[in-house]
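Student: Sequence:
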Amino acid sequence: MSGNEIKVALVGIGCCASHLVQGIYKYEDVEDNSKWIPGLMHPVLGKYKIRDIKYVAAFDIDKNKIGKDLSEAIFAKPNNMTKFSDVPKQDVEVKMGPIYDGAPEHLRNYYEVADDETPCDVVKEIKDSGAEILVNYIPTGSAEAAKFYADCAIEAGCGFINCMPEFISSNEEYVEKAKKARVPLVGDDIKSQIGATILHRALAQLCVDRGVKINKTSQLNFAGNGDFINLVKRGESKEFSKQASVESLIPYKAEVSIGFGFIGLQNDNKICRIYFEGENFGGNPVIMNLECSIEDSANAAGIIIDAIRYAKIALDRGVGGPLLSASSYLMKHPPKKFPDEEAKDNCEKFIKGEIDW
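When we follow our numbering, the leftmost residue of the sequence shown carries the number 1, and every step to the right adds one.
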């Protein structure tokens with residue numbers, strides 16, 4: 001560990017958290033940006049290397065994870081992602097968080113909720129751990145729980161990265177709270193490295209740029225992890241987030257449909273199918289079909305590994321409120337949307353200190 005340590009707290013120790021933690025050890029020997037490293041957008045971001053990230057606190061409500069060291073909890077059932085790195089003991093005990101609306105009945109059939117455990121004092125745990133950034137991985141639809149953790153992070157003076165589609169960074173109440181506390185927000189809802197949304201957006205932008213009218217387009221997503229058990233039952237906010245991300249690039253009314261399916265045998269593998277129906281020169285028909293298969297949680301971790309470092313740079317500079325640059329490039333539902341190429345340029349300007357948002 002260098003002198004550039006970034007102390008991170010995790011909420012929701014599922015598949016996404018597992019791949020994020022594993023990634024520190026996969027890339028711990030990366031020293032600079034001189035080589036192209038598969039899986040990374042920024043081997044070093046600003047002055048921060050991946051190995052500078054240190055996990056110091058963790059929260060969950062799963063009985064099979066509470067009380068375990070983080071290094072064990074990330075591999076505990078029902079987590080079903082791939083293992084690509086050994087993780088040494090972290091000396092971080094997973095603490096019981098409040099349940100609120102984070103354990104609907106369909107998820108209680110997937111894991112055992114620790115109803116008999118007393119929730120910890122989250123703000124105290126964050127402060128005692130020295131965490132600077134809190135990463136929120138709780139399930140889609142957990143609106144009350146998401147707001148609770150956002151409030152805790154802000155009260156503790158901690159940056160907040162919102163990986164799920166409860167709208168915090170794009171909520172004016174939280175924008176003002178974060179600005180006042182001078183803590184950064186990155187959100188909302190991860191836009192994966194090469195997932196359905198970024199591909200869908202790229203094809204939509206291509207059609208717009210090349211004069212092809214989009215009449216209708218759809219995106220179907222299938223996986224076998226806990227996220228997809230939940231999305232099938234309460235995926236409204238995720239559907240809205242994905243749909244808005246695509247529609248924001250189309251300068252006219254087009255029919256956009258989003259859907260989810262759970263296929264248990266796929267485990268953490270996600271398959272997305274994207275369909276376009278439109279017309280080109282002379283009103284002649286254009287049909288496009290695309291299928292992509294990826295490991296869902298790794299696809300998300302490749303984004304959050306950068307989001308953490310953007311948030312740390314913002315803390316170093318005393319910047320509070322939503323980071324529009326990082327949020328627009330890394331998230332589906334940012335406070336302000338930019339085309340992806342422009343969003344990427346804004347991120348590079350932020351790293352260089354040319355902009356502070």
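For the record, the hints were derived by calculation from the structure and aren't laboratory data. Keep in mind that this is a model prediction, so the values were computed, not measured. It is possible that part of the hints are untrue.
FRET-style restraints, in silico, Cβ to Cβ [as the list claims (entries may be wrong)]:
#1 Pro119 - Asp209: 46 to 56 Å
#2 Leu290 - Gly3: 39 to 49 Å
#3 Lys344 - Gly211: 22 to 32 Å
#4 Lys336 - Glu105: 31 to 41 Å
Heads up, simulated SDA-like pairs for lysine to any residue below, C-alpha to C-alpha not over 25 Å straight-line [claimed, not checked]:
#5 Lys7 - Val175
#6 Lys127 - Val319
#7 Lys336 - Arg317
#8 Lys95 - Pro119
#9 Lys63 - Cys120
Just so it is clear, CB atoms sit at the ideal spot from N, CA and C, and this is done for glycine as well.
Student: Against this structure, judge whether each hint is valid.
Tutor: Tested hints:
| no. | hint | result |
| --- | --- | --- |
| 1 | Pro119 - Asp209: 46 to 56 Å | holds (50 Å) |
| 2 | Leu290 - Gly3: 39 to 49 Å | holds (45 Å) |
| 3 | Lys344 - Gly211: 22 to 32 Å | holds (24 Å) |
| 4 | Lys336 - Glu105: 31 to 41 Å | holds (37 Å) |
| 5 | Lys7 - Val175 | holds (23 Å) |
| 6 | Lys127 - Val319 | holds (20 Å) |
| 7 | Lys336 - Arg317 | holds (21 Å) |
| 8 | Lys95 - Pro119 | holds (8 Å) |
| 9 | Lys63 - Cys120 | holds (14 Å) |
The structure shown violates none of the earlier numbered hints.
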